[in-house]
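Chemist: Listed below, chain by chain, are the residues.
Protein chains: 2
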Amino acid sequence: MTIEQFQQLIERVYYEKDSGRGLSATFMWFTEEVGELASALLRGDPEQAGEEFGDVLAWLCTLASIAGIDLEQVAVDKYAQGCPKCHHVPCQCPEPRSS
Amino acid sequence: MTIEQFQQLIERVYYEKDSGRGLSATFMWFTEEVGELASALLRGDPEQAGEEFGDVLAWLCTLASIAGIDLEQVAVDKYAQGCPKCHHVPCQCPEPRSS
Numbered sequence: 001m002t003i004e005q006f007q008q009l010i011e012r013v014y015y016e017k018d019s020g021r022g023l024s025a026t027f028m029w030f031t032e033e034v035g036e037l038a039s040a041l042l043r044g045d046p047e048q049a050g051e052e053f054g055d056v057l058a059w060l061c062t063l064a065s066i067a068g069i070d071l072e073q074v075a076v077d078k079y080a081q082g083c084p085k086c087h088h089v090p091c092q093c094p095e096p097r098s099s
Numbered sequence: 001m002t003i004e005q006f007q008q009l010i011e012r013v014y015y016e017k018d019s020g021r022g023l024s025a026t027f028m029w030f031t032e033e034v035g036e037l038a039s040a041l042l043r044g045d046p047e048q049a050g051e052e053f054g055d056v057l058a059w060l061c062t063l064a065s066i067a068g069i070d071l072e073q074v075a076v077d078k079y080a081q082g083c084p085k086c087h088h089v090p091c092q093c094p095e096p097r098s099s
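First to last, the sequence lines map onto chains A and B.
For the first sequence, position 5 matches number 5 in my numbering, and the numbering has no gaps at all.
For the second sequence, position 54 matches number 54 in my numbering, and the numbering has no gaps at all.
Hints are computed from structural coordinates only; laboratory data are not their basis.
Any given hint could turn out to be false.
[Stated by the list, open to error] Restraint ranges, calculated between C-beta atoms of paired labels, are given here:
no., chain 1, residue 1, chain 2, residue 2, range
1, B, ASP70, A, GLU95, 20 to 28 angstroms
2, A, CYS86, B, CYS93, 38 to 46 angstroms
3, A, HIS88, B, MET1, 30 to 38 angstroms
4, A, CYS86, B, SER19, 12 to 20 angstroms
5, A, ASP45, B, ASP45, 19 to 27 angstroms
6, B, GLN81, A, PRO94, 39 to 47 angstroms
7, A, PRO94, B, LYS85, 39 to 47 angstroms
8, A, ALA25, B, ARG43, 30 to 38 angstroms
9, B, GLN8, A, GLY20, 33 to 41 angstroms
10, B, GLU47, A, ARG43, 19 to 27 angstroms
[Said to hold, decoys possible] Pairs of lysine-lysine, DSS-like flavour, derived with a Cα cap of 30 angstroms:
no., chain 1, residue 1, chain 2, residue 2
11, B, LYS78, A, LYS78
12, B, LYS17, A, LYS85
13, B, LYS17, A, LYS17
14, B, LYS17, A, LYS78
15, B, LYS78, A, LYS17
By construction, the Cβ of each residue, glycine as well, lies at the ideal position given by its N, Cα and C atoms.
With the hints as constraints, model all of the structure from the sequences given.
Modeler: Below you can see the structure in the form of structure tokens.
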């Protein structure tokens, strides 16, 4: 499934509810899922971690939709040519990788 | 681009560096990008927000790779049939949506 198709799927399921709640409150739900992902990774539970990775991606998509962002387009635009900072594959930026 | 292809792209660019850093330290970088996304959204800067959405997705992919998770598979498995809780499209769960 493309990133765009997944974002569109999440829009069909959640856009009305999530946009009605608003960007800020939806961001709180997103970060709650980030915390659940941390918890699953700390427990070393691969099944739960998989669920939480899916949830974080879904909330990231819904946030992008509320913000009017095409997640596939921005991700591909930034990374399709390799590291956007050093332009190498693999990245050859000195560690820590600047953000 | 599929979610799987994007995860594979990010692996080619960053897996060696990010897996060498380890899951915990990479999670810190991921959350730093989440903070940058919040900042861009608070400023209402769509161009910067687009960049940060791309970065958060890239870091989520690299975390999934380090954890041995196929991000597309877990996301599609969970959401392809609609809301995984109420099984409706659109979601009809009572608000707040439980996590």
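Chemist: Give a verdict on every hint.
Modeler: Hint check results:
no., hint, result
1, B:ASP70 / A:GLU95: 20 to 28 angstroms, "26 angstroms, holds"
2, A:CYS86 / B:CYS93: 38 to 46 angstroms, "44 angstroms, holds"
3, A:HIS88 / B:MET1: 30 to 38 angstroms, "20 angstroms, violated"
4, A:CYS86 / B:SER19: 12 to 20 angstroms, "18 angstroms, holds"
5, A:ASP45 / B:ASP45: 19 to 27 angstroms, "37 angstroms, violated"
6, B:GLN81 / A:PRO94: 39 to 47 angstroms, "45 angstroms, holds"
7, A:PRO94 / B:LYS85: 39 to 47 angstroms, "45 angstroms, holds"
8, A:ALA25 / B:ARG43: 30 to 38 angstroms, "18 angstroms, violated"
9, B:GLN8 / A:GLY20: 33 to 41 angstroms, "36 angstroms, holds"
10, B:GLU47 / A:ARG43: 19 to 27 angstroms, "38 angstroms, violated"
11, B:LYS78 / A:LYS78, "27 angstroms, holds"
12, B:LYS17 / A:LYS85, "15 angstroms, holds"
13, B:LYS17 / A:LYS17, "39 angstroms, violated"
14, B:LYS17 / A:LYS78, "19 angstroms, holds"
15, B:LYS78 / A:LYS17, "19 angstroms, holds"
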